[in-house]
Each structure stands twice: as structure tokens, then as C-alpha cells.
Amino acid sequence: MARDQLTGTRIRERRVTLGIKQGTLASDAGISASYLNLIEHNRRRIGGKLLVEIARLLDVEPAVLAEGAEAQLVSDLRAAAQDLDVVAIMPTAKTPPAETDRTVEFAGRFPGWAALTVAQAQQLAKLEHTVAALTERLTHDPQLASALHEVLSTATAIRSTATILVEDRDISPEWLARFHRNINEEAARLSESSTELVRYLEAEADTGPLTPHDEVERFMASQGHRIASIEEGEAPEAVVSTAQGMSSQTARDFLLRYLKRYARDARRLPLKDLEAFLCDLGPEPDAISARADVPLDTVLHRLTHCSGQEALGLVLTDASGTVYYRKPINSFSLPQGGPATMLWPVFAVLSSPGQPLRRRVSQVGRRDLEFDCFAAAAPSGPVGFDAPPRLEATALIRAAPTTSDGADVWPVALV
Amino acid sequence: MGKRVLVIEDEPNISEAVSFFLSRDGWNVFTHSKGNDALETVAHRAPDVLILDVMLPGRSGMEILRDLRADSRWQKLPVIMLTARGHSRDRAEAEAAGASKFMTKPFSNAEILEAVRALAPQ
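For the protein sequence lines, the chains are A and B, in the order given. Read in order, the letters of the first sequence are residues 1 to 415 in our numbering. Read in order, the letters of the second sequence are residues 1 to 122 in our numbering.
Please note: incorrect hints may appear among the correct ones.
What the hints assert, rightly or not - Below, in silico cross-link-like pairs of lysine to any residue (SDA-like), each with a Cα-Cα straight-line distance of 20 Å or less:
1. K34(B) x F385(A)
2. K34(B) x D318(A)
3. K34(B) x G384(A)
4. K34(B) x D386(A)
To be verified - Anything over 10 Å on all C-beta distances counts as not near chain B; from chain A, calculated:
5. S34
6. R218
7. R291
8. F347
To be verified - Here chain B is said to cover these stretches of chain A; the calculated rule only asks that three of the stretch's residues, wherever they fall, bring their Cβ under 8 Å from a Cβ of chain B:
9. 42–50
10. 54–65
11. 177–189
These aren't lab readings, by the way, just hints derived from the structure by calculation. Since the structure is predicted, the reported quantities are computational estimates derived from the model, not experimental observations. Even glycine gets a Cβ: it sits at the ideal position worked out from N, Cα and C.
Just chain A, same shape as in the assembly (with noise of 0.2 Å):
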């Protein structure tokens, strides 16, 4: 049906949409309710005098009704139908292509579904054009892979989901209200990964800290990386509650997950005690591990947490390797989020869990600044005996008191 075929449709949404009777217009037009039905069912042409009376009365521009407001809309439409290889992306569920000759009809009958079909469209597209982009960078960015994983995940919940309630005609109450509510939970994090992954993408074109490392990084340094409320006790998952700067929640989970290792190194060393020992042996990880009978990981850890020892830095890895919170040291380039170079010490540790590591270090191009690194790598949480245990490294750097003549330097690189 051509567009200007729909003038009655038109005139009849417009016309329920203002909530006036069928009558009430005919005979406020000077023409007959039956007549008028005619007209809303597109069984009589409509135009002169008449339409402009009726789009006086229903308080719109005559041109609205005749040629309608979806002329931009059937023209994104067809760009959809050319754009989209229904085939391709659904080649099982034998679906007959888009009735193009149709698309006038579909527009004006149903610009709702119209505009959300231009709409995905037009989203798909936007995605394909980021997911080519990102292929390349795929294998080599883990963060970025986990964060894509995110939005394959819930983009196939959300179409999983919906295809049993538009195919499945049956179905029970509770499962549609369940249902429905899987659709709404995964929307609510389809928007903030999506929102996440494109803030990430973005990210590189920014000196700003948009990552949700970066996040993590500077809600820490904005406590001057010592969380008192967990000092005393207080669960992390309070702390993230309130913790200011946090924008996704991959950036909350990050943090929630360096809080409760915050926290069991806490209970295990309290900062008074440790500060005790540091009085009595100085900054010697190895001593006061022995000292205060805790693993030399938490004395790693906790030195960042004592005052006068801002200047250390802490990287902390999973098993692979991958870098899940960093305390930063100047003049020294820490990893970000992706995985640590080969050459850090923290691969040494974790393939020799028992035994910890201090090497003196160098950046290449910086061999003129020497650090100290101290790594130690052990169960991150309860061993079992039918489970490999999920080892984690800890990695304390700083500035070596004296400059060596570089003979057992290690170079360490960033890539």
C-alpha cells in the first residue's frame, strides 16, 4: 500500500491518540461517522477541504497525514533490508526475505516496530564495525577480550530469551515473568558493558584514567592506598558499596577483589604489628615473615599499607600472569591490566610457588634507575586435594638504596 494510501490510518492513531470519539470528529467535520470510518480504514480517499478541516481538528499538519511523518523512516528501512543478509546471519530458521515492496505498509501501520528494526539495524552495524576493528587486537588484550566476552555473553541471553517468547506461544506465566525479567537484567548489563567496552576503546585516545583499572588505581590513591574502615574490619563489599569513582561494574569487581585480599592480609598482619616489626628489623620482607609467622606475600603486600612507605610499589598477578590491581613507583612503568611481561619476576615465582624472588631490576632505557623486586607467589584461597591450587604472585618494587654496576641487573620490558 502506498504511503499516501494511509492517510485514514494516520487520521485514526491521531485520533485515538488525542482520545476523541469516531463521531465526535465526523461531526465536528461535517461528515458522517460511517463515512469517516471509511476514510480511518483507507476505503476512501481523503484530500482539499476535508483533510485540512480534519488536521485542523486533530491539531496537525495536513501534509502529516497525507504523506505521513515516516518518510525518513521507509527510507532507513530499505537501507536495513539491503544492509541485512537475513540468510547469512539465520541460514536454519528459514526465514523469507524482507517484503520490501511492503515497506510503506509497515512503516505507516507500525512506525513502533519500524523504527526499532532501523534501530537494531543500525546498532548491528555500529557493532560489526567495532567488532572488525577489534579483531586484531583481540588475541593480544585480555581485558579487551574479557570485556567483548561480556557483550557476546549477554547479547545471547537477551536473543536466546527472546526468541522463546516471540516462538513459543505456550508458555507459562511464571516463565514469561521469569523471562522477562532475564531479558531486563541482561539489557541493564548488555548497556554497561557495551558503554564499558566503547569507554575502553576510547580510552587510548585519552590520557584521561577511564579503564576500570585505572579506576581501581585511582580510588586507592585517593585513600593514599590504605583503606581504614578495612583496617578495622569492615567487609569489602561495604567499602565498594560506597567507593566513589567506580563506573562499571567490572571496575567494583576489580576493586572487590583487591579489597578482600586487602582484607585477609590485614587479619593476618595488623598494621601495628607490622609497623612494629619494621621498627625493629626494617623494610626486610623476609625477616619480618619469619618474624611475625605469615606468608612472605602478605609482608609484601602490606609494606604498601605502612606510612613512610608510599614510595613502593605493588603489582599483584593471577596465575597467567595477568595483572589485577598495581600500586604505582616513579620512574618505573608498571604493566596495565593485560598480561606482565614474560621477563617480570613474577613468572619466576609462579612456576616455583615455594620459593620467592629478589632480583635487581632495570627498565630497558632506563638503566640508570635500579629497583628492587621482591615476588612470592601462593594459593590465592583454600587448596584442596582434588584441585590445582589458584596461585597468585605479589610483586613489591622499589628504589635500590645504591646503584650496582649493572652486572645482575635484570632488563625488564613492558611488552
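Position chain B relative to chain A; hints supplied.
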């Protein structure tokens, strides 16, 4: 009761949707969300088809699949691997590990249903 399908997937809403439409098709569906005890769950449920996500907490689906294929009881078990990564090398890795079918997310319900029906005719 129909044949048994075990879905090992850590995303609960995906798992629930897959479980729902397979059940509607007459399959007896079980779900599990962790990788580290997946082998025990397979042994316990003895499925006719296994739908296995690659990225699982505790242990990857690829490792689980390799262990399954090393066990004479599960060498012929049809396994559909699900992953958000569609790289050809991932597909090749899954095939080398013994996957019967490799599907990338976001998949369609019809694809899963067709694959399950093909791998374990009722």
C-alpha cells in the same frame, strides 16, 4: 522421558533459556556452571549430548573436552562447544580436541536445537 542433554555453561540466563527450549523439544536437560568438577558431573548425568562452554570458572571447556576424549567412556559422546570467540584457530583447536560441533555466541535457538537433534536422534 527423552534423551539427556547436559549444559555446562556459567551464564545462568543462557543456561536457563537453552534448558527451556530443549526441554520443550522433549529433551531431559541438566545444567552445570563450573569447570573444575565438570567431569564428575558428566559421569553422574551420563548425557547423550553435552553442550560445553569454552570459558568456564575453574577450568576451560577445551581442557574438559580433552579429558573426556581421553576417557574411553566419553570418546563417542557428542559434544557441542560454545564460545564467544569465533577465530578459525579456536575452531581448529576445538575440532582437534574432539568437538562434534563448534558454535559461536550469539547463537540462535534453532541452531542449537538442530545440532542436538542431529547428534542424538530421538
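Checked hints:
no., hint, verdict
1, K34(B) x F385(A), "holds (18 Å)"
2, K34(B) x D318(A), "holds (19 Å)"
3, K34(B) x G384(A), "holds (16 Å)"
4, K34(B) x D386(A), "holds (15 Å)"
5, S34, "holds (47 Å)"
6, R218, "holds (28 Å)"
7, R291, "holds (36 Å)"
8, F347, "holds (20 Å)"
9, 42–50, "violated (count 0)"
10, 54–65, "violated (count 0)"
11, 177–189, "holds (count 5)"
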